[in-house]
Amino acid sequence: MEDLTSYPLELTGPDIPMVRFLNVRKSYGELIVLDNLNLDISPNEMVTIIGPSGSGKTTVLRMLMTLETIGGGVIYVDGKPLTHMPKNGALVPADARYLRKARSSIGMCFQHFNLFPHMTALQNCMEGPVQVLGLSGREARERAEELLMMVGMIDKKDQHPSRLSGGQQQRVAIARALAMRPKVMLFDEVTSALDPEVIGEVTNVIRDLTTRHSLTMLMVTHQMGFARDISDRVCFFFGGKIEEQDSPDELFSNPKSKRTQQFLSAVKAAD
Amino acid sequence: MSYISFLSEHGSRFIDGALITGVQFFCSLALAAVIAHVFGLVMLSSNTVVKSFAIAYVEFFRGTSLLVQLFWLFYVLPLFGITLNNFLTGFLAVGLNLGAYGAELVRGAILSVPRGQWEASYALSLSPAKRMRRIIIPQAIATMLPAWGNLAIELLKSTALVGLIAVPDLMFQARELNNSTYLSTWTFGTALIIYYVSARFLITPCMRRLEKIMARRMGRA
Amino acid sequence: MQWDWEFTAEILPKMLWATVNTLMAAGIGYVIAAVIGLLFALAQRTPFRSLTFIVREVVEFIRSTPLILQIFFVYYVGPEYGLWLSPWVAGMIAIGLHYAAYLSEVYRGGIESIPKGQWEACTAINLTMAQSYRRIILPQAIPPSIAGMGNYLVSIFKDTPMLSVIGVEELMQAANAVGGQNYRYLEPYTIVGVIFLIISLTAASAIRGFEGWIRRKLGME
Ligand SMILES: Nc1ncnc2c1ncn2[C@@H]1O[C@H](COP(=O)(O)OP(=O)(O)OP(=O)(O)O)[C@@H](O)[C@H]1O
Ligand SMILES: [Mg+2]
Numbered sequence: 003m004e005d006l007t008s009y010p011l012e013l014t015g016p017d018i019p020m021v022r023f024l025n026v027r028k029s030y031g032e033l034i035v036l037d038n039l040n041l042d043i044s045p046n047e048m049v050t051i052i053g054p055s056g057s058g059k060t061t062v063l064r065m066l067m068t069l070e071t072i073g074g075g076v077i078y079v080d081g082k083p084l085t086h087m088p089k090n091g092a093l094v095p096a097d098a099r100y101l102r103k104a105r106s107s108i109g110m111c112f113q114h115f116n117l118f119p120h121m122t123a124l125q126n127c128m129e130g131p132v133q134v135l136g137l138s139g140r141e142a143r144e145r146a147e148e149l150l151m152m153v154g155m156i157d158k159k160d161q162h163p164s165r166l167s168g169g170q171q172q173r174v175a176i177a178r179a180l181a182m183r184p185k186v187m188l189f190d191e192v193t194s195a196l197d198p199e200v201i202g203e204v205t206n207v208i209r210d211l212t213t214r215h216s217l218t219m220l221m222v223t224h225q226m227g228f229a230r231d232i233s234d235r236v237c238f239f240f241g242g243k244i245e246e247q248d249s250p251d252e253l254f255s256n257p258k259s260k261r262t263q264q265f266l267s268a269v270k271a272a273d
Numbered sequence: 246m247s248y249i250s251f252l253s254e255h256g257s258r259f260i261d262g263a264l265i266t267g268v269q270f271f272c273s274l275a276l277a278a279v280i281a282h283v284f285g286l287v288m289l290s291s292n293t294v295v296k297s298f299a300i301a302y303v304e305f306f307r308g309t310s311l312l313v314q315l316f317w318l319f320y321v322l323p324l325f326g327i328t329l330n331n332f333l334t335g336f337l338a339v340g341l342n343l344g345a346y347g348a349e350l351v352r353g354a355i356l357s358v359p360r361g362q363w364e365a366s367y368a369l370s371l372s373p374a375k376r377m378r379r380i381i382i383p384q385a386i387a388t389m390l391p392a393w394g395n396l397a398i399e400l401l402k403s404t405a406l407v408g409l410i411a412v413p414d415l416m417f418q419a420r421e422l423n424n425s426t427y428l429s430t431w432t433f434g435t436a437l438i439i440y441y442v443s444a445r446f447l448i449t450p451c452m453r454r455l456e457k458i459m460a461r462r463m464g465r466a
Numbered sequence: 059m060q061w062d063w064e065f066t067a068e069i070l071p072k073m074l075w076a077t078v079n080t081l082m083a084a085g086i087g088y089v090i091a092a093v094i095g096l097l098f099a100l101a102q103r104t105p106f107r108s109l110t111f112i113v114r115e116v117v118e119f120i121r122s123t124p125l126i127l128q129i130f131f132v133y134y135v136g137p138e139y140g141l142w143l144s145p146w147v148a149g150m151i152a153i154g155l156h157y158a159a160y161l162s163e164v165y166r167g168g169i170e171s172i173p174k175g176q177w178e179a180c181t182a183i184n185l186t187m188a189q190s191y192r193r194i195i196l197p198q199a200i201p202p203s204i205a206g207m208g209n210y211l212v213s214i215f216k217d218t219p220m221l222s223v224i225g226v227e228e229l230m231q232a233a234n235a236v237g238g239q240n241y242r243y244l245e246p247y248t249i250v251g252v253i254f255l256i257i258s259l260t261a262a263s264a265i266r267g268f269e270g271w272i273r274r275k276l277g278m279e
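Chains as they are written, first to last, in this note's numbering: chain A, 3 to 273; chain B, 246 to 466; chain C, 59 to 279.
Here chain A stands alone, though its shape is the one from the complex (with noise of 0.2 Å):
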């Protein structure tokens, strides 16, 4: 087993990160999938990952949302580790209890929404206030509603998913992840679902979390134009690793790398 004694109890200082990731490993038998990864994400910046298929991206946000087992290093979210826990003045590996407390700071959107089939839209953004932070029916119906109508779903606050359009569930599934208040919001290609025209329904949304809530995000996405425009920083994945990170504009215009330049090219070529 690795030797955690060198990672830290928790993070101190002046400037502690809300997301860090510490020499984080992640492979399937032989594939390495995230190698060493070092990244922060400071309190209320949007990061943006971009990449060619297969190099991680979704990965990382699975681990942060610890939906997959850590490789090797630590992740820490607001300063406290979120896959170990402290124990007789070291680190172990998080148990169920601890993880379950530990990342509900942590909210997720899907590619593919995963809304609850049986469930309206409003009873999805209900059940987690409901059954995990213990809300009262009516608070969690007042919140639910605040948020639909944030995302532009209260007139559909009823229907099942069902009903819904891609776009209208993608916006309801953004909705259930804010009620939960986290503090980290992950998107994993959320409009890689979705038809072209109600593609901009869900970025707009995006855009006004960006602007309206003091929250950090974390996305992953495959529109360029979109991760320019909103993003404080976007980080380019190859094989694993950050191969190149900077400022928005920096990075689309003038990206360092040999790699990001053929793969920006690629991209605009294919657009």
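Don't read these hints as lab results, they were simulated from the structure. Keep in mind that the hints are not guaranteed to be accurate.
Straight-line distance between alpha carbons at most 27 Å, and here's what the computed BS3-like set of lysine-lysine pairs gives [unchecked claim]:
id, chain 1, residue 1, chain 2, residue 2
1, A, K260, A, K270
2, A, K243, A, K260
3, A, K158, A, K89
4, C, K275, C, K174
5, A, K159, A, K185
6, A, K103, A, K185
7, B, K457, B, K375
8, A, K82, A, K243
9, A, K159, C, K275
10, A, K158, C, K174
11, C, K275, A, K185
12, A, K159, C, K72
13, A, K158, C, K275
14, A, K103, C, K174
So the derived list for chain A, only partly shown, Cβ under 7 Å to chain C, looks like this [said to hold, decoys possible]:
id, residue
15, S106
16, H114
17, V132
18, V134
19, M182
Fair warning: this is a prediction, and the values are worked out from it, not measured in the lab. Yeah, the Cβ is synthetic: ideal placement off N, Cα and C, and Gly gets one too.
Please build the complex by placing chains B and C with the ligands on the supplied structure of chain A, with the hints as guidance.
Just chains B and C with the ligands, lined up with the frame of chain A:
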């Protein structure tokens, strides 16, 4: 008395019983297969009279219980002057009953053959009989074989009921032995294990092989 | 042999009364099967490898051996170890366990048909394992399982005549008794068949209706 000496003393009865069960199994399986195909095809025919008859048959045999059918054949038929021996009554009841379930499988499998296949055989202007025999049925068999594997196991289990009309099958022997020795765990336990081994390690692997062979014939493997 | 209407009228009340017992046996057996079946299914999804393995094998064993033998086994083996079970208790245990094995497969199929994304969404809103099953997974797994669950409800009903072999006072037992007393088997066994046919056909169509209703209710059309 140890289990070993129990087996050496009474083992031959289990073997005799298992053989009878085996014969019952094959006879009723053959009967069920024939019935399933005949009624399954007839259920798809456009002649409403034979079609309703087939549907009624299937609903009747699936709707009443096998044990009731067995007892009816055994106790009631002789009253009409038809006396069959126990053995024949046994596999007749099991075959007629499971055949009704099989007919549904055949019907479903034939319906699942893609439309394009029917249309292609029209295009070749094959006669209806040829079309069925050469194009549709081989494909249907491949699709329904896995379900027949389950049905074969149901059928094996169903044959245990024939012991109730004194066919000396495995269940019958176990029950007799229990009545004479009172060693219930051993007698019923041994019989259960023989059924289990036959189902899991004889019938299932055979059906799997058959599925593989059919799949290869169909160019699916 | 002629059908005797007078005799029919005489025995019909008794037979109908016994039908109540048959329905009760099916109902109780089914409730036991539904609950234990769910436990079997959930046990096979725990991370404890040996538990999963054992439950899987038990389910396989129960499914590949005849119910009639299982009924004998449960009824006769108890007393060998000083545990005397009444026919009703033994019968309900045997039939309940038998169908629990079948229902566990239905549940398992239902649970496994739920896309992985649903589990991930549960994690993302931080539901516990128990909440995920109760609130999200099982409500979705049950509607597609209803057809299977319903079929087994009808099957369990049709298998209740086997309980007569250990003397549970259900319909078959009543027919045997009436037939034996009067030396007339035509009417009692035919009545049993008709009652079974009516109930299982009605039940089958009721289940189809129920399935449609629950799907609509959960907005899964
Ligand atoms: N459960 C798994 N088992 C085995 N390999 C996996 C698994 N999940 C992901 N991988 C592999 O890990 C690598 C990285 O996957 P990941 O989903 O993170 O890529 P990605 O950058 O999100 O790609 P895309 O743009 O196609 O979504 C891929 O090569 C993928 O095949
Ligand atoms: Mg991805």
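Requested in this report: Starting from the hint list further up, note which numbers the structure goes against and sort them upward.
Outcome: 3, 11, 12 and 17
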